[in-house]
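**Q** Below, each chain spelled out in residue letters.
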Amino acid sequence: QKEVEQDPGPLSVPEGAIVSLNCTYSNSAFQYFMWYRQYSRKGPELLMYTYSSGNKEDGRFTAQVDKSSKYISLFIRDSQPSDSATYLCAMSLNNNDMRFGAGTRLTVKP
Amino acid sequence: ETGVTQTPRHLVMGMTNKKSLKCEQHLGHNAMYWYKQSAKKPLELMFVYSLEERVENNSVPSRFSPECPNSSHLFLHLHTLQPEDSALYLCASSQDRQGGPQHFGDGTRLSIL
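From first to last, the protein sequence lines are chains E and S. Counted the way the working numbering counts, the first sequence spans residues 496 to 605. Counted the way the working numbering counts, the second sequence spans residues 760 to 872.
Because the hints were derived from the structure by calculation, they are not lab data. On a predicted model such as this, the values are computed, not experimentally measured, just so you know. Worth double-checking, as some hints may not be accurate.
What the hints assert, rightly or not - Calculated pairs, DSS-like style, for lysine-lysine (alpha carbon to alpha carbon, straight line, at most 30 Å):
no.: 1; chain 1: E; residue 1: 497; chain 2: E; residue 2: 551
no.: 2; chain 1: E; residue 1: 562; chain 2: S; residue 2: 799
no.: 3; chain 1: E; residue 1: 565; chain 2: S; residue 2: 778
no.: 4; chain 1: E; residue 1: 565; chain 2: E; residue 2: 497
no.: 5; chain 1: E; residue 1: 537; chain 2: S; residue 2: 795
no.: 6; chain 1: E; residue 1: 537; chain 2: E; residue 2: 551
no.: 7; chain 1: S; residue 1: 777; chain 2: E; residue 2: 537
no.: 8; chain 1: E; residue 1: 497; chain 2: S; residue 2: 778
no.: 9; chain 1: S; residue 1: 799; chain 2: S; residue 2: 777
no.: 10; chain 1: E; residue 1: 604; chain 2: S; residue 2: 800
no.: 11; chain 1: S; residue 1: 777; chain 2: E; residue 2: 604
no.: 12; chain 1: S; residue 1: 778; chain 2: S; residue 2: 800
no.: 13; chain 1: E; residue 1: 551; chain 2: E; residue 2: 562
no.: 14; chain 1: S; residue 1: 781; chain 2: E; residue 2: 562
no.: 15; chain 1: E; residue 1: 497; chain 2: S; residue 2: 799
no.: 16; chain 1: S; residue 1: 777; chain 2: E; residue 2: 562
no.: 17; chain 1: S; residue 1: 781; chain 2: S; residue 2: 800
no.: 18; chain 1: S; residue 1: 781; chain 2: E; residue 2: 551
no.: 19; chain 1: S; residue 1: 777; chain 2: E; residue 2: 565
no.: 20; chain 1: S; residue 1: 800; chain 2: E; residue 2: 497
no.: 21; chain 1: E; residue 1: 537; chain 2: S; residue 2: 781
no.: 22; chain 1: E; residue 1: 551; chain 2: E; residue 2: 604
no.: 23; chain 1: E; residue 1: 565; chain 2: S; residue 2: 799
no.: 24; chain 1: E; residue 1: 565; chain 2: S; residue 2: 795
no.: 25; chain 1: E; residue 1: 565; chain 2: S; residue 2: 800
no.: 26; chain 1: S; residue 1: 778; chain 2: S; residue 2: 799
no.: 27; chain 1: E; residue 1: 551; chain 2: S; residue 2: 778
no.: 28; chain 1: S; residue 1: 799; chain 2: E; residue 2: 537
Said to hold, decoys possible - Here are the in silico distance ranges between beta carbons for each label pair:
no.: 29; chain 1: E; residue 1: 576; chain 2: S; residue 2: 764; range: 22 to 30 Å
no.: 30; chain 1: S; residue 1: 762; chain 2: E; residue 2: 551; range: 17 to 25 Å
no.: 31; chain 1: E; residue 1: 549; chain 2: S; residue 2: 872; range: 27 to 35 Å
no.: 32; chain 1: E; residue 1: 497; chain 2: S; residue 2: 777; range: 31 to 39 Å
no.: 33; chain 1: S; residue 1: 857; chain 2: E; residue 2: 552; range: 37 to 45 Å
Note that CB positions come from ideal geometry on N, CA and C, so glycine has one too.
Kindly produce the complete structure, drawing on both the sequences and the hints.
**A** So, in structure tokens, the structure goes:
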């Protein structure tokens, strides 16, 4: 079993749609949860950073962590073509050793 | 503009060549990392430096040799690479090893002929 599972997609949605991206994990000791966005030919860019369970909102982006289910989500409201990218989930123990998902490729069509 | 700068952005080399990748962070961080990113695979952590000391080496082949002369600079020296080493090599930094998110550069796209 992989430590972090993420559906690679690709996922294609029309502009304005709500996008849901998800990851599951196996290590219940993870405490920090992150979402990165990676555009083509660029490095991963930190989008959301959360500690333990709960929700965090930043503009059109909402991150959710459900530690009891070992499940994290990223929601994108009013999606835009500029949101087209690969989204990576990541998580870590308290020593910052991060484990990444393989990434979900998202395309938002005008 | 990214706080982590990597050079070169692209590198093509033969299996017998020796080259080096460079990373510089302008964020005042104390920990730096090298990752390998291959298509459709999770990022693979290669090396971790904290306060210029190597703290982790994830069974990386000896043909990859890291160097961290100070907390702002990180190098990855390459020699006698194999075709399967072709990938995107990413550098990252974080405030320290105990927490806080990692910030990435844009990577070096390496192709081995």
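**Q** Work down the list of hints and note, for each, if the structure agrees.
**A** Results for each hint:
Under the criterion of a C-alpha separation no larger than 30 Å, the hint pairing residue 497 of chain E with residue 551 of chain E is consistent with the structure, at around 26 Å. Taking the CA atoms of residue 562 of chain E and residue 799 of chain S, the gap is about 26 Å. The hint holds against a cut of 30 Å. Proximity of residue 565 of chain E to residue 778 of chain S is assessed by CA-CA distance (about 42 Å); at most 30 Å being required, the pair is judged violated. Of the supplied pair hints, the one linking residue 565 of chain E and residue 497 of chain E holds, its CA atoms being roughly 13 Å apart against a limit of 30 Å.
With a CA separation close to 14 Å, the supplied pair residue 537 of chain E and residue 795 of chain S stays within the 30 Å bound. Restraint check for residue 537 of chain E and residue 551 of chain E: satisfied, since their Cα atoms lie roughly 25 Å apart, inside the 30 Å limit. Simply put, residue 777 of chain S and residue 537 of chain E have alpha-carbon atoms about 25 Å apart, close enough for the 30 Å limit, and the pair holds. With a CA separation close to 33 Å, the supplied pair residue 497 of chain E and residue 778 of chain S exceeds the 30 Å bound.
Restraint check for residue 799 of chain S and residue 777 of chain S: satisfied, since their Cα atoms lie roughly 27 Å apart, inside the 30 Å limit. As the CA atoms of residue 604 of chain E and residue 800 of chain S are separated by approximately 25 Å, the hinted pair is consistent with the 30 Å bound. Note on residue 777 of chain S and residue 604 of chain E: the hinted pairing is violated, with a Cα-Cα distance of about 44 Å set against a maximum of 30 Å. Proximity of residue 778 of chain S to residue 800 of chain S is assessed by CA-CA distance (about 25 Å); at most 30 Å being required, the pair is judged to hold.
The straight-line distance between the Cα atoms of residue 551 of chain E and residue 562 of chain E is roughly 14 Å, inside the 30 Å bound, and the hint therefore holds. Taking the CA atoms of residue 781 of chain S and residue 562 of chain E, the gap is near 38 Å; set against the 30 Å cutoff, the hint is violated. At most 30 Å may separate the alpha-carbon atoms for a hinted pair to count; residue 497 of chain E and residue 799 of chain S meet this at roughly 14 Å. Taking the CA atoms of residue 777 of chain S and residue 562 of chain E, the gap is about 46 Å. The hint is violated against a cut of 30 Å.
For the given pair, residue 781 of chain S sits about 23 Å from residue 800 of chain S by alpha-carbon distance, which is consistent with the 30 Å threshold. The hinted pair formed by residue 781 of chain S and residue 551 of chain E fails the criterion: a straight-line CA distance of about 35 Å is larger than 30 Å. In summary, the hint linking residue 777 of chain S to residue 565 of chain E is not supported, as the alpha carbons are separated by about 44 Å, beyond the 30 Å threshold. At roughly 11 Å between alpha-carbon atoms, residue 800 of chain S and residue 497 of chain E fall within 30 Å of each other, so this suggested pair holds.
Note on residue 537 of chain E and residue 781 of chain S: the hinted pairing holds, with a Cα-Cα distance of about 16 Å set against a maximum of 30 Å. The hinted pair formed by residue 551 of chain E and residue 604 of chain E meets the criterion: a straight-line CA distance of about 26 Å does not exceed 30 Å. Simply put, residue 565 of chain E and residue 799 of chain S have alpha-carbon atoms about 22 Å apart, close enough for the 30 Å limit, and the pair holds. Of the supplied pair hints, the one linking residue 565 of chain E and residue 795 of chain S holds, its CA atoms being roughly 26 Å apart against a limit of 30 Å.
The suggested pairing of residue 565 of chain E with residue 800 of chain S holds, with an alpha-carbon distance near 21 Å, which does not exceed 30 Å. Restraint check for residue 778 of chain S and residue 799 of chain S: the C-alpha separation of about 26 Å stays at or below 30 Å, so the hint holds. The straight-line distance between the Cα atoms of residue 551 of chain E and residue 778 of chain S is roughly 43 Å, outside the 30 Å bound, and the hint therefore fails. Simply put, residue 799 of chain S and residue 537 of chain E have alpha-carbon atoms about 16 Å apart, close enough for the 30 Å limit, and the pair holds.
Under the hint 22 to 30 Å, the C-beta atoms of residue 576 of chain E and residue 764 of chain S, about 28 Å apart, fit the expected range. Here the CB-CB span from residue 762 of chain S to residue 551 of chain E is close to 22 Å, well matched to the stated 17 to 25 Å. At roughly 49 Å, the beta-carbon separation of residue 549 of chain E and residue 872 of chain S lies outside the given 27 to 35 Å, and the hint is violated. Between residue 497 of chain E and residue 777 of chain S, the C-beta spacing of about 35 Å keeps the proposed range 31 to 39 Å intact.
Taken as a hint, the range 37 to 45 Å is violated for the pair residue 857 of chain S and residue 552 of chain E, whose Cβ atoms sit roughly 26 Å apart.
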